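Enquirer: Sequences and hints are given; from them, build the entire structure.
Chains A and B, in that order, are what the protein sequence lines are.
Residue 371 in my numbering is what sits at position 219 of the first sequence, and the numbering runs on without skipping anything.
Residue 1053 in my numbering is what sits at position 233 of the second sequence, and the numbering runs on without skipping anything.
Because the hints were derived from the structure by calculation, they are not lab data.
Check before you lean on any hint, since a few could be wrong.
To be verified - Derived EDC-like pairs: lysine to aspartate or glutamate, alpha-carbon spacing no greater than 20 Å straight-line:
(1) A/K440 with B/D919
(2) B/K1008 with A/E439
(3) A/K472 with B/D919
Remember, predicted model here, so these are calculated numbers, not experimental data.
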Amino acid sequence: MARKGDRWRELFGLIPVSLLVTAGFTAVLINRSANDAPTITYGVFFLGCCVLGSLVIRWRLPAADPWLFPLSALLAGFGLVTLYRLDEKFAAEQALYFLVGLGLMLATILWLRDIRALERYRYTIAAIGIGLLVLPRMPGIGAQVNGAFLAINLGFIQFQPAEFAKIAIVVFLASYLNDTRDVLVRGRIPQISLKHMGPLLVIWGASMLMLVFIRDLGSSLMFFGGFLAVLYVATSRISLVLVGLVMFFGGAAFFASNVGHVEDRVQTWLDPFSTERVLCPGTGTTEKYVDCQGFQIAQSLFAQADGGLFGQGFGNALIKVPGGGPLLPAAETDLIYAVITDELGLFGATGVILIYLMFAWRGFRAAIDATDGFSKLLAAGLTSVFCLQVFVIVGGVTRVIPLTGVTLPFISAGGSSILANFVLLALILIVSDRARRDRGDVQGGLV
Amino acid sequence: MNVAITRLFVLFVVLFGLLVAFTSRWTVFEADSLRENTANRRQLLEDQQIPRGIITARDGKKLAVNDRIGRDESVRYVREYPDGPLFGHAVGYSFVTQDQAGLEKFYNDQLIGEQNEFASLIDAIVGADQEGENLRTTLDPAGQRSAFQALAGRKGAIVVMEPATGRVPVMASVPKYDPNRIPEDFAKLNRETDSPLLNRVTQAGYPPGSTMKVVTAVAAIDSGEFEKTSVLNGKSPQTFSGTPLNNFGNSQFGPIDLTEALTNSVNTVWGRVGERVGKETMYEYMDRFGFNADPPMDYPRSQMRPSGVYNPRTGNLLDEDDPIDVARVAIGQERLNVTPLQMAMVASAVANDGVLMEPRLVERITRPDGRLAERIKPTRDERVMKSSTSRDVTEMMTRVVDEGSGTAAALEGIKVAGKTGTAERGDSNQAWFIAFAPVAKPKYAIAVTIERTQGTGGEEAAPLAKQVLTTLLGRGGG
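Expert: The structure is reproduced here in structure tokens:
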């Protein structure tokens, strides 16, 4: 492997990203038939920021994986274009968050000299993670979004703490399981003491609590899935994973039939097109199920059907009822994948999935290359929650699983999501740099 | 640990593959059924942002225009129908909230200017806005108005067809409805017991009564089984399929020829003719006239029904292998149900030297800039009968108006050929009259029917045909 070439590769990887951003904005503007907006400027500015980011990585993490950053920039750039197409306001906010996120990533890289420092603070980090999850239920600042408690309202900004909690919990699990894995690997399941089974039960309990308190199947699936992934990598024991899965789905099935919100989501997933007349809680009127509870997922599928193989082109999807309300509710967050599929078709959507898959490949590669247990578990765990998040939201939008509100990483509008994912990226980059340096792949620092 | 990590990666490859599979499912494999889902209003909403083409009458009078609402990105167009109910059934309506009907539905692609993928790609690149194409219909406002005046609110229908071209200048159905009121009143109109939304010209199945004898006469003479001079016994009653059949008012006739039997609409003679011609031949000629199939008209299939013998319990069409009393089919009884359009097609085929033309409501489609996009040429459906047969049957039908049951339709100075029909439905009659004129060079074929009336076709329906034909022929040297 040509170590020195890596950073150049990263820089060159950014060029197509900027071209895409420029071309995307141009396409949207052509469809708007407006010609006053400075399209090239967007691309150049975006490229400038990314080059700056790349230089810092090159200085501090010379051996880090050269693909992860361009891939993330590609997704973020793609998200910016899509958001710009939906509403300039979204894009302006998202661009700001992108800059802050980039800054946060660089700050993490500069500040966290040794990834293993995180191990020392694992209980603090765990406590912060749990605290973040509980925040949305706190009176005064908690905010209910679509029946789920996912956000806190700080007055000037809405903040989704679960996005950061997922990182904190993976850091804790990686550290904890790295210490206890020997016991978990060797012991027969009935003999593993409660002490060592502790984290499993605690996380299971936390996931169930999330179902009940936060009322969100999606995040709960994401967290528990991330936990099982780390557990599996730590122990290589499918049996533990199976026990975990049975517990999770057992609990989920119980709550699905007892917690109204979850039950509704499942019902909507199974039969969104029902024309049965029901009381619509949003409007207080009697409507067809498909026009009320089933509306979001049904409209998502209708929008995708319009996309076909090649899509209708940037800026051509119908998002709002002309002169009326939204046709695709939460198009900029939950349903952004449906917008992409409508405008770029099956091919465009598959392209996006492939970019995530490449991210996954590089993330797991970093985990494999890592030389210490904690780094391995951390990189694998972070990559897993990242991928699970993609699966939960895209799976929801395409009706593979019930639709729940999580963001599509780097693409959906949302400051918390962008910021958290840049931190996640920074942590994987740090692991990757360390791993490849340990293998003696890299000699020099910056130039 | 590395093996586990690799396996985990494989798991995500599989999960992401599942995402791609489901995306393919919605974008490709099930896209059509999603687009057809009634809850899917995307197409209609998109269409609403396109100024639909203007629909005009044959003389250029505007029948459907657009109201522009909103501006910039929320601009949308709402249909307005300047003549209200006058063209309601023929033109139909197009509203986002209530779907579409009539020509608005059938020609939707043209009216919104739907093009192939490549052309719309070019439009998208050069920034051209999609605009609809205009329709010029075959409808004649004066004829249409006279039809409604003639019906004077009585439930029924009048349809006129040009035998040589298939153009339909008049399509009137009573009760009528105002398409402008559809967005507010659709549910109410849909519930009303006298079904104003039903286009009785194409959607109502009525027993045809003796107008069916024209079909029987064509089958009898064209198949060579009979001639117009063939003589049969017209005494009443006579037994068919084990049940006695009477002439109207139980009138007695001796041995009479077919011309005489048509002029006086003698049931027993035509029942015997039908019996001898046989079910197979009767069905053969009915099929040639267009029975047992949707009419080949440029109108939504969902708003047309085939004419034929129906099983009243299942609502299904019966075919010639089912047990059918062919003698009673021959005189328009049995379980025969026909649309006024079908009977106009029967008269039209006889008038046009035996050739049936496809009925047409639109004759020209033009681009927004006025260039011709498509001229809809008259299309021959099929030759139903030999020229000689059409001449014979025309002669017989002329006698009906000259001296038989249809004298009320006679026009001053213009020969009319016609046939009356009176089908008993419980304690009231379905009155019919079909005709064409002028006999020497037929310009119009007409079918008139009135529901639940006390009089006969000759008394009730024939004068209406006269009224409409007078209007149509009265102008420009008929």
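Enquirer: Would you mind marking each hint as holding or not holding in the structure?
Expert: Against the structure, the hints:
no. : hint                : in the structure
1   : A/K440 with B/D919  : holds, 17 Å
2   : B/K1008 with A/E439 : holds, 18 Å
3   : A/K472 with B/D919  : holds, 19 Å
Hint compliance for this structure: no hint is broken.
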